[in-house]
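Colleague: Assemble the whole structure, with the sequences as input and the hints as a guide.
4 protein chains.
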Amino acid sequence: MTIEYGEPVRQAEVRPGMTVGELVEELGKAGAYNAGSLSAAADIYERMLRDERATRFFGLAGAMVPGGMGGIVADLIRRGHIDILVSTGANLTHDIIEAIGCRHYHGSAACSDVELREEEINRIYDVYLPNEAFIRFEEFMQGVLSEIRDGSVISISGLLCSIGGSLSGGILAAAAEMDVPVYCPALQDSMIGLQYWLFNQTHHVVVDAFADMPALLDRCFAAERAGAFLVGGGVPKNYILQSMLMTEKGFDYAVQLTGDRPDLGGLSGATLDEARSWGKLTGEARAVTVYGDATITLPLLIAAVLERLAQ
Amino acid sequence: MTIEYGEPVRQAEVRPGMTVGELVEELGKAGAYNAGSLSAAADIYERMLRDERATRFFGLAGAMVPGGMGGIVADLIRRGHIDILVSTGANLTHDIIEAIGCRHYHGSAACSDVELREEEINRIYDVYLPNEAFIRFEEFMQGVLSEIRDGSVISISGLLCSIGGSLSGGILAAAAEMDVPVYCPALQDSMIGLQYWLFNQTHHVVVDAFADMPALLDRCFAAERAGAFLVGGGVPKNYILQSMLMTEKGFDYAVQLTGDRPDLGGLSGATLDEARSWGKLTGEARAVTVYGDATITLPLLIAAVLERLAQ
Amino acid sequence: MTIEYGEPVRQAEVRPGMTVGELVEELGKAGAYNAGSLSAAADIYERMLRDERATRFFGLAGAMVPGGMGGIVADLIRRGHIDILVSTGANLTHDIIEAIGCRHYHGSAACSDVELREEEINRIYDVYLPNEAFIRFEEFMQGVLSEIRDGSVISISGLLCSIGGSLSGGILAAAAEMDVPVYCPALQDSMIGLQYWLFNQTHHVVVDAFADMPALLDRCFAAERAGAFLVGGGVPKNYILQSMLMTEKGFDYAVQLTGDRPDLGGLSGATLDEARSWGKLTGEARAVTVYGDATITLPLLIAAVLERLAQ
Amino acid sequence: MTIEYGEPVRQAEVRPGMTVGELVEELGKAGAYNAGSLSAAADIYERMLRDERATRFFGLAGAMVPGGMGGIVADLIRRGHIDILVSTGANLTHDIIEAIGCRHYHGSAACSDVELREEEINRIYDVYLPNEAFIRFEEFMQGVLSEIRDGSVISISGLLCSIGGSLSGGILAAAAEMDVPVYCPALQDSMIGLQYWLFNQTHHVVVDAFADMPALLDRCFAAERAGAFLVGGGVPKNYILQSMLMTEKGFDYAVQLTGDRPDLGGLSGATLDEARSWGKLTGEARAVTVYGDATITLPLLIAAVLERLAQ
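As you go down the protein sequences, you meet chains A, B, C and D in turn. Numbering-wise (the numbering used here), the first sequence opens with residue 197 and increments by one. Numbering-wise (the numbering used here), the second sequence opens with residue 197 and increments by one. Numbering-wise (the numbering used here), the third sequence opens with residue 197 and increments by one. Numbering-wise (the numbering used here), the fourth sequence opens with residue 197 and increments by one.
Incorrect hints may have been included.
[What the hints assert, rightly or not] A few chain D residues that face chain A, going by a derived Cβ cut-off under 10 Å, partial list only:
id: 1; residue: 257
id: 2; residue: 307
id: 3; residue: 319
id: 4; residue: 321
id: 5; residue: 322
id: 6; residue: 324
id: 7; residue: 352
id: 8; residue: 382
id: 9; residue: 392
id: 10; residue: 394
id: 11; residue: 431
id: 12; residue: 439
id: 13; residue: 442
id: 14; residue: 455
id: 15; residue: 461
id: 16; residue: 474
[What the hints assert, rightly or not] Residues on chain C that point at chain B, a partial pick, calculated with CB under 10 Å:
id: 17; residue: 257
id: 18; residue: 315
id: 19; residue: 324
id: 20; residue: 428
If you are wondering where the hints come from, they were derived from the structure by calculation, not from laboratory data. Glycine included, C-beta positions come from ideal geometry on N, C-alpha and C.
Modeller: Rendered as structure tokens:
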């Protein structure tokens, strides 16, 4: 028989009090559809984290901080599991909001948005964010920005590091503390960007859009091996994957958690195999995509991998 | 402020060695998107199972048995958590295949289906089922069917109960043992149906399509309260939900795990709120839909609920 | 170069007043993602309809009649383009409702289902159906059913043909008129089924669940070639595809319009390639899946194919 | 009756030779699910284009140019229907590739990406792009970049305008010709960005990330009314919607074509109603989302609207 096939599917068993690692073990025994992919993702991510010679990239897209997933990212940074973080501006905006003490609230997606507007509550699916958070955000941001010397030219990661250094919790603070660079190519496309625009109406500071690229590409050239953990797609996914293109190398490990699908052609739903054709992943790279809501798959995966690493 | 909103979103924390119940607790604290829904589903299902006066329906659609989820359903039956099961014919076919000792195998969705055909391997996404399983299935089925007295009129659940009584593992065996009726309105639409057609070419047994309805509707009329746990949509979902329509009552609890989406209009992706307009659910029913792959959400949810029940 | 690749992508051009056929021509020149698939579907369906020796199956799942797509199906029947129709019970229920003069209404998915319940309006995503339609439906159905001789054994398609014969518009009427058999394996799972249950409380008529299979399989054995056009998945898709399994043949043409995705393992989202591994499609079959909402893709495709046939 | 509901659903009719506008008319009469939304989108976009006092934004995300949709965007620019374009870097990269005479090719998503890599073919779902295109792209880009005076500080839209001025077909050329600003906040995240990095290793030109914001915000403040047409989500959607936040106004018209879904929380799938809570859309704004593949919905919609405008 020329078709290779693997282990028999074993009917998953669940037991009261089982650990998350044990559950993911059962998903692997079942081994089908996205449960199989999630189990494979745990194997790959464990291996990526155990590989001392791998540089580990983390991409963060989707409204993950308002959805309560920012703490896991900050924790991964503090545990030393992220070397380079690429994020959307929105996640960093909401990270700052939480770090300065404002809160997001459980709400409902079945509501009147016009009424919410009247009450000055901003909605992110079923999460509510009272507008006053943005007033405190503005105070904080203008304070940080006012520290920058007029006439200077800064990088995006430099600006984000200054912000993180002024905070005591969350992703940016953890990154600043652990010296992990945070890249955000589309910073303009966020409330941080709007605050910067406000600030720069009376100041003259240039944010050099490309200032971060040399350091990032140096890391790519220096990396013996490389791994990417991608939550969502968007700019973070593409920016991470393209960064290896200029070297002769590609990523050796890649895990992607996405709710998008490949047949629409967009990068966010594209398979990681597609990335092999571009050379973004090596031909032998261990890679898997788990389709689903990352607010479920991310905690499940990370808890299982941390359990393995602790053994 | 007239808009009510709930608890603050708390950034989920994951710890090595945490139990699945603890993880779902954290998803509930984060509380957003499908993680929030999954946590709500655990609350509802726990309550449904603790409610001694509720009749509990379970709908099983999607290729759950080939995907290794049949064991969880059989276990729920054995634990007394399912009173009435409605399934697609395909899940029952694959349940029989596993119960007579044939196996499904881990395969790959990126393959040549023409080659698979030549090798006589049937594919279900990334699961492979060698065709020889159907040869043994045919032997088993014809054996069971030959026991039926010629000239008789039988019901679908009666036939399925006979099959279950001839098996020693899996869903149908558990149901037969625990006296749980298994309904399968579209039995013709399955390999069981094709075996029946083969058998009936030389026999004369009538399967009365509607023979199961009186008993089912009696259960609905008798139910003090009712709960529905729906894996996937399709016939099982609709058949369960419509069964209450003839009574003055509706379901009091409902949990739905689906990968479909509402905006296409189909029942499988329809919200459970929609079912309220029909009176299938009561106005006050506790109900939630978790969008995603049930091979992940089902084990996660059941392990968490069993953990709570064991406390 | 061993990798074969086709025509260059041509940027689609749209012009005021262009016909639907011209638009689909442009989609084919662009040729990517689901636009490319839709163009391929038009080619396959045109070929299927031009092939005099092909038996043409049509599968109808999803809430297509409430969504205004029933007229297209009835028209295809009247034009002689459907030889065998397999439908969900729900589509036939709503077809009867329209045929007896009741209407579905444009509504909104953002509404209070509890309020709708109070107003006795049933919701199907953004379509509203006032409950009084079911009162007239009951009158009609009980009238038709009362014609059946007590003590008889009938088939599902026979029952549906009687219903169609009592109507003057819609799918069932067209099928009865054109002598196209309508199969509905899960008839119990519909309002038609509930009406039957009501009727049979005071009558004794047996609906033989399997009575339709011999005639269907005879058609399959007799078919020189076979084509399947599948709107949605569910029972209609599986029932059609499995029907060829008992012959040595498979489908030669297949088009599937679905909103589901393959990675969840379920049949509704499964690729048609997967069906080749089972032998449901021949190895050489021309087949394509178009992912998307069939309320858009179906009219687009049919208008384009009718335009080609008219040339 | 307090629930308002609209017109009866009319079964769509398709006729050979009907125009695209007539087809969309029929979708509107059916009026359900995404067909109803597409018809509403045509109404809104027609109104937006007829409103002389509205500033019209266009957001372009997803792999639309490789999918053959770039020609439609260029045509809309030339017809004067786009005042401000916001795009991903990838679409602009592929626009340049086509404009300098390289081609994308029809391929297949079912292929070996490792083999494609060996053959130096890059894959975008079922579209193939031979790597040699990037060699010619590099020549072109380095040529354009070398024209920039060393030591200068430029904006992203300025750079893109220079590129467009050097081309004779496609989106960037049309925009340069028609004086339509093209914004691309995440330019670094694209092959254009990588070319810039290469160039800047031996030059000293600063791209000021925020240089475009004052002009964009001036347009927002000046706009009497504003409309947004959004293909896909990502940075273009957010950047366009947030641009109005700093004014007291919001968008008055919005159409979104997306394949994402709201329940994952991400912006790309978020409803336009959600944007009302933020004030990005006015409370009275006419807005609709069409879920599906934009390679189908975009040409369909634009052809129908152009037909109406031509009447």
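Colleague: Determine for every hint whether it applies to the structure shown.
Modeller: Against the structure, the hints come out as follows:
Look at residue 257 of chain D: its Cβ gets to within about 7 Å of chain A, closer than 10 Å, so that hint holds up. Satisfaction of the interface hint for residue 307 of chain D is found here, the shortest Cβ-Cβ separation to chain A being roughly 8 Å, below the 10 Å cut-off. At its closest, the beta carbon of residue 319 of chain D sits 4 Å from a beta carbon of chain A; the interface hint therefore holds under the 10 Å criterion. Annotation: residue 321 of chain D was flagged as interfacial toward chain A, and the flag holds, the nearest CB pair being 4 Å apart, inside 10 Å.
Below 10 Å, beta-carbon pairs count as interface contacts, and residue 322 of chain D has one with chain A at about 8 Å; its hint therefore holds. Among the interface hints, the one on residue 324 of chain D holds; its C-beta lies about 8 Å from the nearest C-beta in chain A, closer than the 10 Å criterion. Evaluation of the residue 352 of chain D hint against chain A yields a held restraint, the C-beta minimum of about 7 Å falling below 10 Å. The restraint placing residue 382 of chain D at the interface with chain A holds, with a minimum CB-CB distance near 4 Å, inside the 10 Å limit.
Using the Cβ-Cβ criterion of 10 Å, the hint placing residue 392 of chain D at the interface with chain A is satisfied: the shortest such distance is roughly 6 Å. Proximity of residue 394 of chain D to chain A holds as hinted, the smallest CB-CB distance being about 8 Å (cut-off 10 Å). Evaluation of the residue 431 of chain D hint against chain A yields a held restraint, the C-beta minimum of about 5 Å falling below 10 Å. Hint on residue 439 of chain D holds. Least Cβ distance to chain A is approximately 9 Å, under the 10 Å limit.
A hinted interface residue such as residue 442 of chain D counts as satisfied when its beta carbon comes closer than 10 Å to some beta carbon of chain A; here the least separation is about 6 Å, so the hint holds. The interface hint given for residue 455 of chain D is met, as the beta carbon of that residue sits about 4 Å from the closest beta carbon of chain A, less than 10 Å. With its C-beta approaching chain A no nearer than about 4 Å, residue 461 of chain D sits inside the 10 Å limit, and its interface hint holds. Taking 10 Å as the C-beta cut-off, the interface hint given for residue 474 of chain D holds, the closest approach to chain A being about 5 Å.
A cut of 10 Å between beta carbons decides the hint on residue 257 of chain C: the least distance to chain B is about 7 Å, and the hint holds. About 9 Å separates the beta-carbon of residue 315 of chain C from the nearest beta-carbon of chain B, less than 10 Å, and the hint is met. The beta carbon of residue 324 of chain C is positioned within 10 Å of a beta carbon in chain B (closest approach about 8 Å), and the interface hint is therefore held. Because the beta carbon of residue 428 of chain C sits about 6 Å from the nearest beta carbon in chain B, less than 10 Å, this interface hint is met.
Of the numbered hints listed earlier, not one is contradicted by the structure.
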